[in-house]
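Novice: Here the protein sequences come in this chain order: A and B.
If you're matching positions, the first sequence starts at 1 in my numbering and goes up one per residue.
If you're matching positions, the second sequence starts at 1 in my numbering and goes up one per residue.
Hint data in this document are derived by calculation from the structure and do not stem from the laboratory.
Treat the hints with caution; some may be incorrect.
[Stated by the list, open to error] Below are the SDA-like pairs computed for lysine to any residue, each with C-alpha atoms no more than 25 Å apart in a straight line:
1) B:Lys177 to B:Leu113
2) B:Lys174 to A:Asn258
3) B:Lys174 to A:Lys266
4) A:Lys266 to B:Lys177
5) A:Lys229 to B:Ser154
6) B:Lys100 to A:Asn258
Being a predicted model, the structure only gives us computed values, none of them experimental.
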Amino acid sequence: MASHSAVLSMSRLLSPFRGGLLGNPTKVFGTTLTSHRNKTLLTGDNIPPPAKYGGRHTVTLIPGDGIGPELLNHVREVFRFSCVPVDFEVVHVNSALETDSDMDNAITAIRRNGVALKGNIETKHTLPPSVKSRNNVLRTSLDLYANVMHCQSLPGVQTRHKNIDIIIIRENTEGEYSSLEHESVSGVVECLKIITRNNSLRIADYAFRLAREKGRRRVTAVHKANIMKLGDGLFLQCCREVASGYPEITFDSMIVDNTTMQLVSKPQQFDVMVMPNLYGNVVSNVCAGLVGGPGLVPGANYGQAYAVFETATRNTGKSIADKNIANPTAMLLASCMMLDHLQLYDYASLIRNAVLTTMNETRLHTADLGGQGTTSEVVQSIMRIIQSKGQLISEF
Amino acid sequence: MAGSLWRSTLSQVVGWVRRSSIQSSVSRRGMQTVTLIPGDGIGPEISAAVIKIFEAAKVPVKWEERNVTAIKGPGGRWMIPPDAKESMDRSKIGLKGPLKTPIAAGHPSMNLLLRKTFDLYANVRPCISIEGYKTPYTDVDLVTIRENTEGEYSGIEHVIVDGVVQSIKLITEKASKRIAEYAFEYARNNQRNSVTAVHKANIMRMSDGLFLRKCREVAENFKDIKFTEMYLDTVCLNMVQDPTQFDVLVMPNLYGDILSDLCAGLIGGLGVTPSGNIGANGVAIFESVHGTAPDIAGLDLANPTALLLSAVMMLRHMGLHPHADKIQTACFDTIRDKKFLTKDLGGNAKCSEFTSEICRRVQDLDGGH
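Given these sequences and hints, build the entire structure.
Specialist: This is the structure we're talking about:
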């Protein structure tokens, strides 16, 4: 525990440009308070208890662009219907603006509430390079260092590969996404990829703790250390160091191009995978495609003090926006992950079971799964199943 | 009557003269020289298989075998043997088997050396589903064109402070323009309909933005080919769900590495995937991308398909399309027939049996003459 806080303070020393300058008093108290509670949630090790006012939680909601707003409206509908004790504080972010005031508001709101549910914010890359990707800014300001995605084959979905069950843990703040670029000579652009020992140790530690908690047997580190000997070499070394502390878990490593080749031929061999940022992007999208597409998999971004939930592949879905054909499964499952995080386990299982039961009725697949259903039909079916299970008495 | 008879005779004579002049120009061009680098491990046996099949197909190619082991040149820099370099510069076409990189040998990998020596800037990998070799993905027909000299593989890394490492990804205007031009020309020459640029410009705004800008500029000159751009993650997502929507993909080094191996996995792995490297000055080296497989070297168990398909790619590059089609058909028919398959394809035939079967089919296709 002491080593964790040492690592924490070191990383804060080394990264003063991170948004943590404002400081957060609950973070300091949180580490001492939570040690007294029996937190079975891995993410709850250092995260302060979620705020509860009058028995209800407040969660920041960022609708984003594309299909985000309509899917999050459906989430709110389902929550209202199931009497979930969660209030949403909606913060809009306009992706067309060049100023950062929208994002600052959103980040402050998440700091206040501790938990957020968001849609993807579009990045117009016609704007000048000084305007960074807003999703990225959110992740780095809140230091959401771990992106966790659980890919599981669903029985009601037809895919080429069966029996996939992979947890992907992706470093979320550094690597190729450091957004440090410059044009030293006209026509020559340099982009920096940063790998630090602290962040690599942190993510490796997270991965192994999660594997242990979920009873997983094997952790695979994905890298390209044969080419990027120092950068990915450091990442791999950190993973090996952490692995030595978990003797019951097998640790191996695989080069990223071989990994993608294995994923399309034999994805059943993988268990838990940990990797830096860009490879995480590739591997998580490949895995999402393998289990049925971007509409099915939820994702979570965990930091020391905050948690943000969204769909795993972070698509804006501009081409299918407002057409009532988007698949609400990913966003609803993400909201269930959020409910688990808020320790409202009963509500989470209720909604999750309803979503999965609807998935197995093949008639009610949306277009991305080859069906004819609309988003509203799927949501109606989910609510019908929830109603048939009987209303839950909310916990006081 | 006499006039038309005279005219038809004249046209026949002209046709005969034209045909004979073409034939004589072929015989003048005669045997084209190709530098053959057998490689290590199973390299020599699969190269022998390819030579045998080419003989059976009567391909007008003269092989010059050369060895590439790194030697220290003047000035202490590692380089390939000068006779190999001279042969390649003369013939401009090369066929290479797998090369092993000994660990801790002190010199960079052989593939890297070759790349630097001949400025091989484009790596082309056509991925076409093989009918006889079933994978979960059917009807794959795409080509990945990868920039091979810069990008994330520039090899520039520093330790800034202890525990913080920085790797530099380099994107230059010149290299991006060159690879984009090659991609569009390849699409045009091979009757492809569209070129898709793969990038991550939402995150790496300046570097991938530059690459994308150059692709757009080059696309202006090739209006007959459709140009689209797609994010790397979207490509990965769609590739594993429906690979038929992609045609030609062009991208910087790292994405190309990952995507080309992903596509190779779709059609059955590196044992059946051809690959070609195009360099400046018209040099082209075609290679098999699998490893040296030292455990089965010399045991006549190797699968020569990858090297054979790369050789077919080479024939197309040289313009010898009829021979290329013949050999490719024979190879695919053999695999589809399933009677003579090497171990990695699921059978238990020897490499020599597989080769002989392909030779037999080639001769049959030829009509026996």
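Novice: Each of the hints needs a verdict: does it hold here or not?
Specialist: Here's how the hints hold up against the structure:
1. Between B:Lys177 and B:Leu113 the CA atoms are separated by roughly 23 Å; this keeps the pair inside 25 Å, and the hint holds.
2. A threshold of 25 Å between alpha carbons decides the hint, and for B:Lys174 with A:Asn258 the separation of about 30 Å lies outside it, so the pair is violated.
3. For the given pair, B:Lys174 sits about 39 Å from A:Lys266 by alpha-carbon distance, which is inconsistent with the 25 Å threshold.
4. Distance restraint check for A:Lys266 and B:Lys177: the Cα-Cα separation of roughly 37 Å exceeds the 25 Å cut-off, and the hinted pair is therefore not satisfied.
5. Of the supplied pair hints, the one linking A:Lys229 and B:Ser154 holds, its CA atoms being roughly 12 Å apart against a limit of 25 Å.
6. Taking the CA atoms of B:Lys100 and A:Asn258, the gap is near 17 Å; set against the 25 Å cutoff, the hint holds.
Hints 2, 3, 4, counting from the list given before, are not met by this structure.
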